[in-house]
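Use the sequences and the hints to build the structure in full.
2 protein chains.
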Amino acid sequence: MIPVKTVAVIGCGTVGASWAALFLAHGLDVQATDPSPEAEAYLRRFVVRATAQLAELGLTGTGKLSFSPKLADALQGADFVQENAPEKEALKQQLLADIDDLLPPDVIVAGSTSSLLRSRLVVRCRYPERHITAHPFNPPHLVPLVELVGADADVVERAAAFYRGIGRRPVILRREMAGHLANRLASAVWREAIYMVEQGVASVADIDAAMAYGPGLRWSIMGPHMTYHLGGGDGGIAHYLSHLGASQVRRWAALGTPVFDGDTQRQLVEGVAEEAGDSSVADLEAARDAALIALLKLRPQIR
Amino acid sequence: MIPVKTVAVIGCGTVGASWAALFLAHGLDVQATDPSPEAEAYLRRFVVRATAQLAELGLTGTGKLSFSPKLADALQGADFVQENAPEKEALKQQLLADIDDLLPPDVIVAGSTSSLLRSRLVVRCRYPERHITAHPFNPPHLVPLVELVGADADVVERAAAFYRGIGRRPVILRREMAGHLANRLASAVWREAIYMVEQGVASVADIDAAMAYGPGLRWSIMGPHMTYHLGGGDGGIAHYLSHLGASQVRRWAALGTPVFDGDTQRQLVEGVAEEAGDSSVADLEAARDAALIALLKLRPQIR
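Chains A and B, in that order, give the protein sequences.
In terms of full-length UniProt numbering, the first sequence opens at residue 1 and continues consecutively.
In terms of full-length UniProt numbering, the second sequence opens at residue 1 and continues consecutively.
Since the hints were derived computationally from the structure, they do not count as laboratory data.
Do not take every clue at face value.
[Stated by the list, open to error] Distance condition first, Cα-Cα at most 20 Å in a straight line; then the derived SDA-like pairs of lysine to any residue:
#1 B/Lys297 <-> A/Ala294
#2 A/Lys88 <-> B/Gly233
#3 B/Lys88 <-> A/Ser247
#4 A/Lys297 <-> A/Gly61
#5 B/Lys88 <-> A/His243
#6 A/Lys297 <-> B/Arg299
#7 A/Lys64 <-> A/His26
#8 A/Lys297 <-> B/Gly233
[As the list claims (entries may be wrong)] Some chain B residues well away from chain A (every beta-carbon gap over 10 Å; in silico):
#9 Glu56
#10 Gly58
#11 Gly63
#12 Asp79
#13 Gln94
#14 Asp98
#15 Asp101
#16 Ser119
#17 Arg126
#18 Pro128
#19 Val201
#20 Arg251
None of these values were measured; they are calculated from a predicted model.
Here a beta-carbon is modelled for each residue, glycine too, at the ideal position from N, C-alpha and C.
The structure is reproduced here in structure tokens:
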């Protein structure tokens, strides 16, 4: 693991603030920056709440948090950079070039982008090899997954060691792909879920329940390949593929792509409102976080 | 809830044996039948193991288990039927017709089929309205989801009440659809997961990890619609759809369908073998069941 003591957190929206809380709870100092006038107050509020959540998981480090609106202040002496600027390609290209001008070339710069391609973001960089994508899953201080994409295997491996050291589960992509891995799986699920709403097969709430009380429960324990391995009995996935592979291909052909028009969107909004009942988004987030903490406390029982 | 005291379990493979254990642990008597000479021994072994698991969840009912190779014996005096014959349409058509001849028409006959359509299965029935599909998720004695499809709303609602009474989460489909809800979501996920293997983006094990440490963790708490509701910030899903709906449609277009040839299948088998390491399917199942039990003990914390 790299001897990281100070992390620069660039961009302090939901993702950046969540990263900051995680780093602090592991005893790392955080030098945060964001050009928005509201950013510091938001960050400090978020960190207070997330720090309490992380303490429930036994993470009680007391890293030092500093904030400056100036990029150079945040980068000064940083051993690792976590960039979380808005998802705008040109903005990030300029920002990464600016970081290159201010930071020694051996410091890793990890970007949290969910939708942009690393190869496009580094086009103006002097030291593109030290730039990686390190995409977390919301909320990053709780969900362990970090998807890594880089051009230099050594840089990627050093970053992976850093993230493992703070309790993350890094997954290394062999090449970049839009949406990385997890959001592609999420999009595939949502497309079919919306298709079933559009087709009138079940309500929004019932489709959500079919996930959370069925396959979703298993997917928090193991991924899709392993799930089908267990679906094959003693013969495992080889047996499954030889006996039921053809039926999967037929099922794929029957999956749908919804017409995503105003009518479908209205059904989704109304269906979610019905499912949510009196709970605000903030209520639902708090409930989700409490459930995630309960799940994470079960580790290593559930890996 | 229907006053059910005795359930006939028709077909005692993995699914039937698991149902039997669940009914017994809720204090219901089970009259099981299966034409296979090995069925009774398999059933009794399965029930011993599953009963111990259910006791961990506080379910310590002591229903009486009887077995006969004769269908008529199992149906004698039954208040509810759970049918789990092999997934062969003609076989089930004949079986359901035979059940109709032996059973009073007011007793509900629920079939566990995952892949066949209820409307096709009842074509030879005298009392098709009492037949419903009640598809559980493996292993049925642990995973709460039951997907219901029927032609008579009253029958479906009575069955839903019965399943709720034994701790299941019934979801009612408004009309039948191949694969019901949950297996369609599972197929959609697996298609994209296999596509990413085929495209060489990541290993089988890393794609599985991206699920279980990322979206899968959240999907055990809430389904895809609610997940995107929380992805929209304070504005919820309405905000998400207006701001990011178009990007979802673009992402759907980028999702893939793998060429499911021998080469891809070999990659899956080898990748799963690497992921499983020294663990047999039985080992993995035991670990999965232990994890599911740990998760289920968290209820109602995780709904």
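_Violated hints - listed by number, lowest first_ = When the structure is compared with the hints, numbers 8, 19 and 20 turn out to be violated.
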